[in-house]
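Chemist: Using the supplied hints, reconstruct the complex from the two chains, each of which is provided in its own coordinate frame.
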Amino acid sequence: VRTTTKLAAVLALFATVGIAGCAKSMAGPAVVSPGSEPTADEPEGLAEGDSAAELDARKDKLVEQLKDVEQMADTDPQVCEDLCSLATSICGMTLKLCSIADDHAGNDDYQNLCREAKRDCREAQEDCVACAESLASSGASATCEGAPAEKAEPVSSEPAPASEPAKDE
Amino acid sequence: VSALAKLARRVLLVAAVVTVSLSASACQEEHATTEEASPDARLLTHAVMDSTPTAEGLEYVRSVAQAHQRADDAGDRSAKVKALEDGLAIQAPANLGEAEILRLELAARLGETLLPDRAREARQVLAPMLSPDRSLPIDRASAQALGTLGDAALAEGDDALAAGSYARAIRMMNMLREELKP
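Line by line, the protein sequences are chains G and E. Mapping to the numbering used here: the first sequence position 151 is 260, numbers consecutive. Mapping to the numbering used here: the second sequence position 172 is 1453, numbers consecutive.
One chain only, chain E, in its complex shape (with noise of 0.2 angstroms):
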């Protein structure tokens, strides 16, 4: 009898200690799961080159242009969105640089007629065009779209996001005014 108890408490024991060893472990998962993201800040960046005018630059820069008047007259937001949408899918030209802000411009449009209502949309948009891997064009355009990007993700809830687009753009900004000082 005595060592059937002794056995009873061993095995007490070490119940006890393995489910005090389990619930520290699901604490521990839970308390990382839990940690805020911190914003990515991080700007590369580069400059715009003039290209060489060619007639298939020249015919991408008229296209783009036309989605930005279709947008300019349509008539309501769906109409203004597939104009933009349009604009975007439009295959830009190779050794074009120009094409990349273009492109950043008809993104900013396109997200900011979105929000604030389909920002998970202008998100999925902007996001891969912008992500802090990617090297962005010194231009005012970067930085709109950067700002517009933010909202989004403010919108979402994603604050991580929002701030890290918000400090890009004002970075990409501040490029822009040393540019210009006297």
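For reference, chain G alone in the conformation it holds in the complex (with noise of 0.2 angstroms):
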């Protein structure tokens, strides 16, 4: 969704551009003097002009500008929600399949998937969090703030795990 999202952010940025380039030629060279006022025909602000430095500028610009819809899109809070559902699925899977390893204690096979569980568990709830505060600090409306367990459902069957992150070890 991300990837898409940027995508077409590019591809609007471009579009603009281009068909402000195209509109701009098709009504002729507009040259802004300095120090005259501009006049109804004339178009306002600075002239951006087409030399290398002026076409790096615009193109930092540019760039500034994407900067800040990927930032847009980093805040989506439909992004949080899905990050946050993740994580309490696999938290609530990580609980399960821990209480399996207990049973095999000495197998490393489970105490590694075991291990390995846990770390996830504990990094996609801090996605989760980064997320939400992310959001709030955008001002948009924070829909998945709190504890993750709270607000998704679980993959599984069983009913909704504990909300508290698995431990490591």
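Quick caveat, the hints were computed from the structure, so don't treat them as lab data. On a predicted model such as this, the values are computed, not experimentally measured, just so you know. Here a beta-carbon is modelled for each residue, glycine too, at the ideal position from N, C-alpha and C. A few of these clues could be false.
Not the full set, but computed from the structure, chain G residues with beta-carbon under 7 angstroms of chain E [what the hints assert, rightly or not]: (1) Leu164; (2) Asp191; (3) Tyr219; (4) Asp229; (5) Ala233.
From the structure, some residues in chain E lie toward chain G, with a derived Cβ separation under 10 angstroms [what the hints assert, rightly or not]: (6) Ala1286; (7) Ala1289; (8) Gly1428; (9) Asp1440; (10) Leu1461.
Modeler: Given below as structure tokens:
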């Protein structure tokens, strides 16, 4: 989803630049003379020019705009909800997996899977919290704030797991 | 007499050696059969590409949606199971990549409906679709089906399959998480 959003943003920016350039060339050269007052037929604002340095400056500006668009996509409430829902499911399954591993204390395969799952659970919860904080700071409605387990359904058919993150050993 | 006694002693000695050897062999065999299985957490994956819309594909999607609707409307569990089984029995058209995901969703829901008392049936539905040798689509449906298979295996006391399925489900969800991460 994020990749698509970014792609759409890039395309939108290129399209905007393209349309602006096209409109500009159709309307003929428009030059803003320094010191002159713009008339109704003249463009307002600063002349951007076509030199390498000016094109570079324009590119940098577009890159900045793209970053803004990316930031907006990153703080999409739906992304946070999905991240938190996944965190809940991952941690729920971690509890089940490690419960089984407890019955096979001498088997390294079970223990390694449990350890790996606990790490994944912790990272998933950190991502969820970071996303919610980013949402809150951007002023968007934070629909996935709070404990992940309270917001999302577990993937499995069993009752929702506890919201406590699995503790690493 | 002495020769006979010697012979008898040798026979007894050989018999004793054979008995000890057989016992040791039987003991080793027993030890081998009680060695516990380890979880298989291999996860092969692939991305599902959007397919070109066709009338056949659309019809399949509609039929699956109707199966889910019938399951929603079902008054009892057996009717729900029947609706979902019918949905799974629908032949998916070729070149419809999304069908794989729809089938996994149906199978996961069927498994959840069968659990906990019909865990063996749930496992029989899910295990072949989710074999570690098979590549699974990177989708929430795969994770959900793996989780349900884990539950079915756990209900049946197959800890290796349960742990392997949960671990694979977690790995699948990690992949989904990485796709979402800013």
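Chemist: None of the hints should be skipped; say for each whether it holds.
Modeler: Going through the hints against the structure:
no. : hint    : in the structure
1   : Leu164  : 30 angstroms, violated
2   : Asp191  : 5 angstroms, holds
3   : Tyr219  : 6 angstroms, holds
4   : Asp229  : 6 angstroms, holds
5   : Ala233  : 6 angstroms, holds
6   : Ala1286 : 52 angstroms, violated
7   : Ala1289 : 48 angstroms, violated
8   : Gly1428 : 4 angstroms, holds
9   : Asp1440 : 5 angstroms, holds
10  : Leu1461 : 5 angstroms, holds
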